[in-house]
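Line order of the protein sequences matches chains A and B. When the letters of the first sequence are read in order and numbered with full-length UniProt numbering, they come out as residues 1 to 470. When the letters of the second sequence are read in order and numbered with full-length UniProt numbering, they come out as residues 1 to 433.
Keep in mind the hints are simulated off the structure, nothing from the lab. Backbone N, C-alpha and C fix where the C-beta goes; we use that ideal spot for every residue, glycine too. Take the hints with a grain of salt, since some may be wrong.
Taking lysine-lysine and the DSS-like style, the derived pairs with C-alpha atoms no more than 27 angstroms apart in a straight line are [what the hints assert, rightly or not]:
hint, chain 1, residue 1, chain 2, residue 2
1, A, K334, B, K422
2, A, K334, B, K119
3, B, K425, A, K295
What the simulated footprint calls covered on chain B by chain A, stretch by stretch (three residues with Cβ under 8 angstroms from a Cβ of chain A suffice, anywhere in the stretch; the number is not a length) [what the hints assert, rightly or not]:
hint, region
4, 302-310
5, 345-356
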Amino acid sequence: MQLHSRVFGRGIAALLCASLLVSACGEKKAGSEQRSLDFARLDAFPSTYSVAQSRPVLIQDATLLTGTGEQLENTDLLLKGGKIAKIGQDLEAPKDALVVDGKGKWVTPGIIDVHSHLGDYPAPSIESSQDGNEMTSPNTAQVWAEHSVWTQDPQFPLALAGGVTTLQILPGSANLFGGRSVTLKNVPGRSVQDMKFPGAPYGLKMACGENPKRVYGGKGTSPSTRMGNVAGYRNAWIEASNYKKKWEEYVEKGGDEPERDLGLETLAGVLNGDILVHNHCYRGEEMAVMMDVAKEFDFQISTFHHAVEAYKVADLLAENNVCAAMWADWWGFKHEAFDMTEANIAIVDQAKACAMIHSDSGVGVQHLNEEVAKAMTAGQRAGFDIQPKDAVTWMTMNPAKALGIDKQTGSLEMGKMADVVIWSGNPFSVYTHVDQVFIDGELMYDRSDKKRQPRSDFELGILNAEGERL
Amino acid sequence: MKKIAVFYALALGVLTAGAQAQSILIKGGKVHTLADMGTLESADVLVVDGKVEQVAPSLNIPADRVIDAKGKVVTPGVIAPISELGLVEISAASGTNDHAVTGESIGSAFNPVPAYNPKSTLIPFNRAGGVTSAVVFPAISTWDSAAVEAQRVFAGRGFAIKLNGEFDSVEAEDVAQKAYLGEAGAQLAGGSRANAYAKIENALNEAKEYRDNRAAIRLGEWRELNYSLADLEALQPVINGTEPLLITANRASDILAAIELAKTYSVKLVLLGAAEGWMVAEQLAQAQVPVVIDAINNLPISFSSLGARLDNAALLTKAGVKVAISGPDYASTHNVYLSRQSAGNAVAHGLSYEEALKSISTNVADIFSLSGGTLEKGADADIVVWSGDPLEVTSYPEQVLIEGEPQSLVTRSTRLRDRHLKPSKGHEFGYRN
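Required output: the full structure, derived from the provided sequences and hints.
Spelled out as structure tokens, the structure:
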């Protein structure tokens, strides 16, 4: 993950400059404040997410899956000031702490779904709410998924009840370049900015294969083939390289400020290492081609999504530090999804590449623990020694890496965001429930307390004018 | 010489498989009979000639083959209540799809059996997931403008298969006629649910008219009817009450409309969808209407299913409705075996364990009058030996018997897994099996 750390580190640094440390960054760049290479534009729609003042939480005597490869029995976990403060035995409860008896319960980091369209394809799904695919040109790098998010999508609270604390909302896959993704904390928000994960780099959605060629080939325009797809990517990267060069020259030498171009800004952000590439790509061959395109233009692909054939090129993924986000068992809905093996995630993992589960589904996102359980079982059946302590990383730590937020969340480690799920038992049982979910130490969901179960605006007065939807 | 040897080997194989009165003893498993005997913590199951001969705590009877099931769980095979197995290979490759047709007058005559392909890759895959039988239904793509223009509210005739992959694996034809009410029906009937209702009514009325005046109609000495004779013939078992009418509806009010329609025409109704079934569970129970539900779908994904919830199966069962659980919507074609994951989730939300097992086997057999679904004397020996609790996603089938025949659990998925288990450079992988 060395390359990743480098790229993601840059993303975080840029963000810090944009929001928290404006003056400090400005000072460093004394004399050139007006001229920066801020292609990511992290301050354009800034995160207004805030951590509510939360009381400390002490979870006692639980089984912890840390997300760092460990399973700790009878262990306490202390959440304080929105962070994971301590992990150990017999921890003392601070004054006013919420103390949770964790006996028989399991604790994991909050689940991170790296591939979601919640808000952009909300429920109910009607014609007027199909806001996830700007299907008007093969390159719509200029659109941002966050500008489509309906924050009142009732699928968000359902995902929370499944233990999902963070999601990446991606634009759809009709285009070679679908636009920018956004990473959200799964909290109620009146605006999308209220949900934006502070410090998370942006992603760029790209798509290989059948989708773009079908959508545009069907209209008699390019691309209509896979080679047309690749030509489309390369042309765009050439343009983006020129755009980036123009801006670099401007920053260095001054002169007239170049004209801004939203689409090229996003691509240049990728070339700059500030925006992460999330590439919908099913086939092994195509993943190999995409990694070569990335080499040609000197950028890094963060993650292949829907990577049904990742297992065929798992060694290449490891070599190139590219993650793969996969389903446990979806297949056959199109030809590029035909070569499915249930051992996909396990094989990629065992080849030392960064493997993870993803949902792309309003139902699946509620059961990512079960999906991981299936993938873990398939791995064991393939002969690999994969235990819950290992498999949990497929829904916590590895998606955090893919999103460039692994310094802040994804594992139960001191100082990290207190994004934590308490399960009624082993999370890899179909009968296990999510009992409680904490986000930044705040109790956001409690199965036993209706008052701590968020309901979107949509739920009110539905089916029962004086009550809730269900 | 070589050719001859192969010939003899093949002939011998055929002879041994066909002529032998095979007996199999499955020993020492936890057996869910889903019949009068209930669950036996440890029991033996004797299979003779493809049928269950005996289930008892201990059987000391010699058998041609003994399967050690100690520490394992034995159940009837999973039966998928709604699938497109053998009719769809790759959903987005139209040449491999035979489940839907457009442009025919009403659709009730459509019988997809001649298109059924028992060699489809979906069959071994779902068999390895524990599915031994499935009901296969035609469908109408409601998003397809051609289908919508065709204004058909009937999809056609369903059939049942065994998942042994044999050319003679169609178990029963005309197990039910499928039609659409509710939101999908409205789309197909020009824009309103009411018109979908009227279209079904009209068809049933004409079917009756045809039944009562068959000779005259066939001779052309009758008024011109809207529907073809083939369509009206296909509806005869429906109006006679011998073949169920499977109607899709999710909204509670649509379900009530379907019940009303069935009552008026004395039709044996089965509901498909029923996301808001729990709201009218009493009425469903009273009318003795069974339901086929997607028990894991709790999304208010349309205004027809605003009441979708995870305890739908539990609430319906509690009210006395017979419930069958299908694979989740997103996997109903290729992964119908996931009905067991849905059933597990239904248990997590209040359905009793035994009812959950029945909802993916016994109840399906009852609803569509199929064999299988129980382990009792005389039942088809469609049996799965599971590594553990069959509703757990971490369990898997270790043995699958269909009509007493042990089935291969190899699939394309396991073949691909084994070939690429340790991916490496070069071209040698192409020579691996």
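How the hints compare with the structure:
no. : hint             : verdict
1   : A:K334 to B:K422 : 26 angstroms, holds
2   : A:K334 to B:K119 : 19 angstroms, holds
3   : B:K425 to A:K295 : 19 angstroms, holds
4   : 302-310          : holds (count 5)
5   : 345-356          : holds (count 3)
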